[in-house]
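Use these hints to put chain L onto chain D, whose structure you have.
Chain residues, written in single-letter form:
Protein chains: 2
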Amino acid sequence: MLKKLEITSKFLKQVSTLIKSREQAAIIKIFLEIHPADIAEIIENLNDDEGQYIFEILESQKSADTIIELEDEIRDNFLSELSPKEIAEDLIEKLESDDAVDIISDLSEDKKNKVLTYIEDKSQYNNITDLLSYDTNTAGGLMAKELIKVNENWSTVECLAEMRKQAKRIKKVHTIYIIDNNNILLGLLSLRNLLVSEKSTPIKSIIKKDIISVKSYEKKEVVANIMNKYDLVVLPVVDKNNKLLGRITIDDVIDYVKEDAEKDYQMASGISEDIESNDNIFELTRARLPWLIIGMVGGILGAKIIGVFDLENNFELAFFIPLIAAMGGNVGVQSAAIVVQGLANNNLQSNNISNKLIREFGVGLLNGIICSIIILFVTIILGFSFALSITVSISLLSVIIFAAIFGTFIPLILNKNNIDPALATGPFITTVNDILGLIIYFSIGQAIL
Amino acid sequence: MLKKLEITSKFLKQVSTLIKSREQAAIIKIFLEIHPADIAEIIENLNDDEGQYIFEILESQKSADTIIELEDEIRDNFLSELSPKEIAEDLIEKLESDDAVDIISDLSEDKKNKVLTYIEDKSQYNNITDLLSYDTNTAGGLMAKELIKVNENWSTVECLAEMRKQAKRIKKVHTIYIIDNNNILLGLLSLRNLLVSEKSTPIKSIIKKDIISVKSYEKKEVVANIMNKYDLVVLPVVDKNNKLLGRITIDDVIDYVKEDAEKDYQMASGISEDIESNDNIFELTRARLPWLIIGMVGGILGAKIIGVFDLENNFELAFFIPLIAAMGGNVGVQSAAIVVQGLANNNLQSNNISNKLIREFGVGLLNGIICSIIILFVTIILGFSFALSITVSISLLSVIIFAAIFGTFIPLILNKNNIDPALATGPFITTVNDILGLIIYFSIGQAIL
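Chains as they are written, first to last, in my numbering: chain D, -15 to 433; chain L, -15 to 433.
Excised from the complex, chain D in its bound form (with noise of 0.2 Å):
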């Protein structure tokens, strides 16, 4: 029975002393009972020797299974390790077509094609190549092909007698499709219908017409919208005539979503590419770097800004340089984040966007003018000159209003242009309100002072 398994760092020694001892048959037994999923995380946390032995031992459905739940790093260290007929007849062959065509796109072309030869299957063969010439982003490329499906037409015993042949090669069955004899989806025969009706119940009559399907060129996203506002655990694809191609599970929309997430958080933390805490420190580097770089041209800037004015005979005005840069920065990223987690969810329209500004500008507005208020009350409490006193607050009330409308415009802009808006939070918007937060209070300084 596979349970669901803590993996303690206890644990892992015991498969470490084991593996140094060699005691293959020890270790078989006990991954006979854990869970694909944790076996890749096991592989995970072993060292690269550690992991490739545990997997080599694997029982070949057991490891394709692994496999898919590994991290890429680690995966395609063990496909460079195996020939291309090692990759069809143990791998390929044992997965769903969705997971096999994932594992045959991290080859090389050459690697792929001579793969391809060495499938047997004539039907994984057929499902794999048509399913290559989706577009990855699209819901052709997220879909397996295996599903159940039966015709409209079929009696009951016809239909009870088909499903049990297809559902002998599938893994998991989710749901039953009634398609007309062109192979257009008219439907679904829910397990419900199926429990309730009788056994000769003609299939026409218990057919559950509203069913959601997608089109095979639409954009992961939409799919991803799709299955979570309608709570779908399962979604058919279909062609521009409504033929059915193949069908989508929530899991990998899940994955989908949680990394989506996870993108926009790291963009706004001013990290570029997908990294995870384990990568390495070259890794990490080379994602952090462009951002930081970005910051030292704000940086720079900003000197050059401040150069220009008088600061030798108002040097006061340098107190404030850091409360003016930082309330510029934080303000401009609160502002970018809502408009971009507004546009995630699908729930800005358009027609509204310019709602959307002048509610913003109401924010920046009651925001400045509370913290200017409390400004100007704690700069003189704390013995600064009234006259820089008067310069911060009236440059901190200036400086909020400007980043909350900048920040808010930016990833509006950058959306109706096609570009990611959440590359507008984080790093690229606090070093433009920087800059600007900076013009701002000089100008405002040498006025006043």
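Derived from the structure by calculation, the hints contain no laboratory data.
Certain hints may be false.
Copies of the same chain look alike in the list, so a pair counts if it works inside one copy or between any two.
Once the Cα atoms are required to be at most 27 Å apart in a straight line, the calculated DSS-like pairs of lysine-lysine come out as [what the hints assert, rightly or not]: (1) Lys213 / Lys(-3); (2) Lys193 / Lys46; (3) Lys340 / Lys(-3); (4) Lys129 / Lys156; (5) Lys(-6) / Lys247; (6) Lys69 / Lys95; (7) Lys340 / Lys(-6); (8) Lys78 / Lys213; (9) Lys156 / Lys213; (10) Lys78 / Lys13; (11) Lys(-6) / Lys129; (12) Lys247 / Lys340; (13) Lys213 / Lys149; (14) Lys213 / Lys247; (15) Lys340 / Lys4; (16) Lys129 / Lys224; (17) Lys193 / Lys69; (18) Lys224 / Lys(-6); (19) Lys204 / Lys96; (20) Lys242 / Lys4; (21) Lys13 / Lys193; (22) Lys(-3) / Lys400.
Being a predicted model, the structure only gives us computed values, none of them experimental.
Relative to chain D, chain L alone:
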């Protein structure tokens, strides 16, 4: 046939016009064909009175299905217009137990008790009072009671009859659970096995025993991790003796996964409450002001720190205040974000935290060296004095390394003390790094200049 719907502003205007002329029949006809999730979205895009009108004329099952899809605020408005009797009869009795509990939990204690007295369906009443006893943050709080279960000792004929009976009361059949005489969960009867086996097969022989379940007291996030990791669409909930209590479906968990990722993003962006871009100005202001005040406190501290040093005679030091502050903040947020995501995805084992700190130090060192070399050359080329260039370069190196370590450490410490580590990203860490960066910069500057 229900279809997915593109909600355009043209369509919304048509609906508004129909509402104005009170064309009830026409409206009902339109909404007959629309999915409750879309009706909810339409209501959210109309004004309050129009939304209320639509909700009132919907047929009862449809209004029940729609209300669970609505945003909290609008839902609460609608509920406040209904009497306890209407809520019980028109909504609660038409919903599955988990959704019914969501509605009831939104009511005041007083109204809740009144609604309960009006629930006539005995089994729904029992389901709801049972579910209300669980903590909403646990598996018990997420589950629904509706499920199909059969006894391992039953004959196939008995099972099919019983399954049909149970299925009639349930909207969507996900899985059929197999229990013993004491209601202990033994396994499940997969649709696939049901299809593949002959009618005379005894239940016991086709039981699928490798079933993953969750205890009712386990936390929401544990549930989400399990369903995500093992690609589960439905997860049975048991008590500590493995008695079957209910089941959780993936759609409830997706919402949670999404909200959780969004919450981290909002925190990183300095937004303290769950708000949406459509909320009103005061809610938006309240969610953002706390972080701005933290930023102001940091800015004032920064002013005091700069005041301590002899800026008057070294006023050029002020030129690079924005650079140092920005870089400290950027690096700190990057480091913290990686740790926060690692913690959220459960791939940070506590046994490799020291590795993590060493690696983060390495990344900081590498980024720091690259940035400080670049800044040294650029400042010299731009004509800043050599002493100032050296000061900025050394300070930048120190600040980057320090911020990287600090950014890694803080979320780990927060997490260890059961505080949400996402608090560490965003304005908090930026502000702290600003101040520390200033101290490092001016100390080095004072020593060199």
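Status of the hints after comparison with the structure:
1. Lys213 / Lys(-3): between (44 Å within a copy, 23 Å between copies)
2. Lys193 / Lys46: So Lys193 and Lys46 pass the 27 Å test across copies only (17 Å; inside, 38 Å).
3. Lys340 / Lys(-3): between (56 Å within a copy, 20 Å between copies)
4. Lys129 / Lys156: both (13 Å within a copy, 24 Å between copies)
5. Lys(-6) / Lys247: neither (33 Å within a copy, 33 Å between copies)
6. Lys69 / Lys95: within (10 Å within a copy, 68 Å between copies)
7. Lys340 / Lys(-6): between (54 Å within a copy, 20 Å between copies)
8. Lys78 / Lys213: between (33 Å within a copy, 20 Å between copies)
9. Lys156 / Lys213: Both, since 24 Å and 17 Å are each at most 27 Å.
10. Lys78 / Lys13: within (21 Å within a copy, 50 Å between copies)
11. Lys(-6) / Lys129: neither (41 Å within a copy, 38 Å between copies)
12. Lys247 / Lys340: Classified as both; 24 Å inside a copy, 21 Å across copies.
13. Lys213 / Lys149: neither (34 Å within a copy, 30 Å between copies)
14. Lys213 / Lys247: For Lys213 and Lys247, the Cα distance is within 27 Å both inside one copy (21 Å) and across copies (19 Å).
15. Lys340 / Lys4: Between copies, since 26 Å is at most 27 Å while 63 Å is not.
16. Lys129 / Lys224: Result: close within a single copy only, 17 Å intra versus 40 Å inter.
17. Lys193 / Lys69: Result: close neither inside a copy nor across copies, 44 Å intra and 34 Å inter.
18. Lys224 / Lys(-6): This pair counts as between: shortest inter-copy Cα distance 25 Å, intra-copy 55 Å.
19. Lys204 / Lys96: within (24 Å within a copy, 41 Å between copies)
20. Lys242 / Lys4: neither (37 Å within a copy, 42 Å between copies)
21. Lys13 / Lys193: between (48 Å within a copy, 18 Å between copies)
22. Lys(-3) / Lys400: Intra 53 Å, inter 24 Å, cutoff 27 Å: inter-copy only.
Violation of the numbered hints given earlier is confined to hints 5, 11, 13, 17, 20; the remaining hints are satisfied by the structure.
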